[in-house]
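A.B. asks: Next come the chains, spelled out residue by residue.
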Amino acid sequence: MSFINDPIGFLAEWITNFLSGFLPEAWVIFIVTLLGVIITASFGLIIVIFLIWLERKIAARFQDRLGPNRAGPYGLLQTFADMIKLITKEDVVPEKADKLTFNIAPILSVVAVLLIWAVVPFAPGWIGTDLNVGVLYIAAVGSFGILSILMAGWSSNNKYALLGAFRAVAQLISYEVPMLITLMVPVLLARDMGMMTIVESQNLWYIALAPISAIIFMVSSIAEVGRTPFDLIEAESEIVAGYHTEYTGMKFGMFFAAEFLHAFTIGVIFAILFLGGWRGPGAEEFRLLGVVYLMLKGLLGYFIVMWVRSTLPRIRIDHMLAFNWKFLTPLSLMLLVMTAILDKIFGDTALRLPLLLAGNVLVLFLGWLALRWASRRQTKTRRVFKKRPVAKPA
Amino acid sequence: MTVEQAVFLFTSFLILFSGFMMVTRQNLVHAALYLVVALFGVAVIFVLLEAGFLAVVQVLVYIGAIAILMIFAVMLTRGDVSQEQEPVNANFGWALLLAALFCFGLIVLIGQWPAIDSQAPALDPEADTVLDLGAALVSPDAYVIPFEVASVLLLAALIGALVVARPQKKNPRSAK
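Chains as they are written, first to last, in the numbering used here: chain D, 1 to 394; chain R, 1001 to 1176.
Don't read these hints as lab results, they were simulated from the structure.
Take these hints with a grain of salt, some might be off.
Claimed, not checked - DMTMM-like mimics (lysine to aspartate or glutamate), calculated; alpha carbons at most 25 Å apart, straight line: (1) D:Lys159 x D:Glu259; (2) D:Lys344 x R:Asp1132; (3) D:Lys344 x R:Glu1050; (4) D:Lys326 x D:Glu200; (5) D:Lys57 x D:Glu259; (6) D:Lys89 x D:Glu236; (7) D:Lys57 x D:Glu236; (8) D:Lys159 x D:Asp64; (9) D:Lys344 x R:Glu1004; (10) D:Lys344 x R:Asp1128; (11) D:Lys159 x D:Glu285; (12) D:Lys89 x D:Glu259.
Said to hold, decoys possible - Facing chain R, according to a computed beta carbon distance under 10 Å, are these residues of chain D, among others: (13) Leu136; (14) Val141; (15) Trp154; (16) Ala190; (17) Met334; (18) Leu336; (19) Val337.
These numbers were taken from a predicted model, which means no experiment stands behind them.
In this text, a Cβ means the ideal position worked out from N, Cα and C, and glycines have one as well.
Could you put the whole structure together from the sequences, leaning on the hints where they help?
C.D. replies: Now the structure itself:
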């Protein structure tokens, strides 16, 4: 094992050898694991600084502006300036707030996102912990995020914050359903729930075998992050700023950072499940290349999130719920059953790809029929107003 | 004492402590949050027993459900959730007696169980517990009938919820 091929493994081995000289084995394992945890968590937190700059730049291009351009070259230092500003701001806690819950909530929101990175396979052999229930773990950890939002909204003792939290729970729990169902599609195709196995089994990227599932996953993930068009939980024109109305300074900054990191994380999860993760030419040989491939694919997913964000307006809350329960959930259930049957019968034959694609197209067609039917029905039941006399100039 | 024992002791203490706090809090939301801590502790115990699947499901089902429970606590209780109320009423003595009897009965029952001081067989490190669990759930020799009955029950609950929530159509004849 050389440094070029596997720098992290090389360093881990070196540290293990160095520490075993004067420490018992249990301590060595503990220290090396702790170092791994610190590196993975810091990686996530440091990348946020870059992501915020990137998002502001790209959103600016979408809106025909320049974006941050004063601090440092291309405004690269803008985020650092903002961070210093947030840290030095006065920390205001509302007098009637529930102090402990109020302070735990922002920490929990960051933790909930960072926990996902524990099962992200960066490169062959580079994974925090290769759980055999990795995919389910991602969904489970998401419920901490919901909890943190509800804690923040309730403990602020502010009616707008509470309304935002209620909206958030309605939205996140609803969109968890199609997200979980589409998460099962790569699991079916790989016949395993471990993230590493899912990546390794993608000789053909799963987006080719399950394109509609990939799109549904992307849509419901955007809803899980609560970004436009699903940002009703912090709709400024209706409920001030939603659940983080009362937060100031770095506590607000933590919610902000968690949202950005979550948006990028769903891009990475999308890349792992549907775009082949770290796979690419030379990734087996030079593991750092695998990390580069994963990050590039993750940024592609992140770019789609930003693209949707800058393009679509916010949708109404009843439309948001109806779209989930009446369209996405039945569609994803159909896809799951279709994939399960076809993949069980034709999984090992050459017919797998064409048949699965045909099944996807069929489900898409059915979905289109349902949408067309719904839109016609809506035009029929449109309220007709009585004609009123128009004022005419005399 | 091994690391596992230390973690087990700490987690058990945490579960007991937050369980106690949960039943004694006057504020409903605080009680729900302590319940989260207790249920999360149970998930940690599952991890210690190498039941990763159960641990993840515990977090997924319970902590997600607690959020809904908290919403109901806020929506269905009158006025301020944090109002101070005496959690003890006149039946306190009877409840204490019943709980003590039940606890005593459980201890006696478990003490008589022959497997209480036998060592659990070590898990086969090669075995994939998730795979075995999945196969057992749909195998006719194992749990396929309970599994299907549970599915039918859940489906019935879903349909029942839909029927209850459905806006009643006005009868066109009675409307006239």
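A.B. asks: If a hint holds in the structure, say so; if it doesn't, say that too.
C.D. replies: Do the hints match the structure? See the list:
1. At roughly 22 Å between alpha-carbon atoms, lysine 159 (chain D) and glutamate 259 (chain D) fall within 25 Å of each other, so this suggested pair holds.
2. The straight-line distance between the Cα atoms of lysine 344 (chain D) and aspartate 1132 (chain R) is roughly 19 Å, inside the 25 Å bound, and the hint therefore holds.
3. Between the alpha carbons of lysine 344 (chain D) and glutamate 1050 (chain R) the distance comes to roughly 30 Å, so the proposed pair goes past 25 Å and is violated.
4. Between lysine 326 (chain D) and glutamate 200 (chain D), the direct Cα distance comes to roughly 35 Å. Violation of the 25 Å bound is thereby established for this hinted pair.
5. Taking the CA atoms of lysine 57 (chain D) and glutamate 259 (chain D), the gap is near 17 Å; set against the 25 Å cutoff, the hint holds.
6. About 22 Å separates the Cα atoms of lysine 89 (chain D) and glutamate 236 (chain D), which keeps this hinted pair within 25 Å; it holds.
7. About 22 Å separates the Cα atoms of lysine 57 (chain D) and glutamate 236 (chain D), which keeps this hinted pair within 25 Å; it holds.
8. Proposed proximity of lysine 159 (chain D) and aspartate 64 (chain D) is contradicted: the alpha carbons are some 36 Å apart, above 25 Å.
9. Restraint check: the Cα-Cα separation between lysine 344 (chain D) and glutamate 1004 (chain R) comes to about 41 Å, which exceeds 25 Å; the hinted pair is violated.
10. For the given pair, lysine 344 (chain D) sits about 21 Å from aspartate 1128 (chain R) by alpha-carbon distance, which is consistent with the 25 Å threshold.
11. Distance hint between lysine 159 (chain D) and glutamate 285 (chain D) is unfulfilled; the C-alpha atoms sit about 56 Å from each other, more than 25 Å.
12. At roughly 20 Å between alpha-carbon atoms, lysine 89 (chain D) and glutamate 259 (chain D) fall within 25 Å of each other, so this suggested pair holds.
13. Hint on leucine 136 (chain D) holds. Least Cβ distance to chain R is approximately 5 Å, under the 10 Å limit.
14. With a cut of 10 Å, the hint placing valine 141 (chain D) at the interface with chain R holds, because the nearest CB-to-CB distance is about 7 Å.
15. With a least beta-carbon distance of about 6 Å to chain R, the hint placing tryptophan 154 (chain D) at the interface is held under the 10 Å criterion.
16. Taking 10 Å as the C-beta cut-off, the interface hint given for alanine 190 (chain D) is violated, the closest approach to chain R being about 13 Å.
17. Given hint, methionine 334 (chain D) at the interface with chain R, is violated; its Cβ is 17 Å from that chain's nearest Cβ, farther than 10 Å.
18. The restraint placing leucine 336 (chain D) at the interface with chain R is violated, with a minimum CB-CB distance near 15 Å, outside the 10 Å limit.
19. Here the hint on valine 337 (chain D) is broken, as its CB sits about 14 Å from the closest CB of chain R, past 10 Å.
Violated hints for the displayed structure, listed by number in ascending order: 3, 4, 8, 9, 11, 16, 17, 18 and 19.
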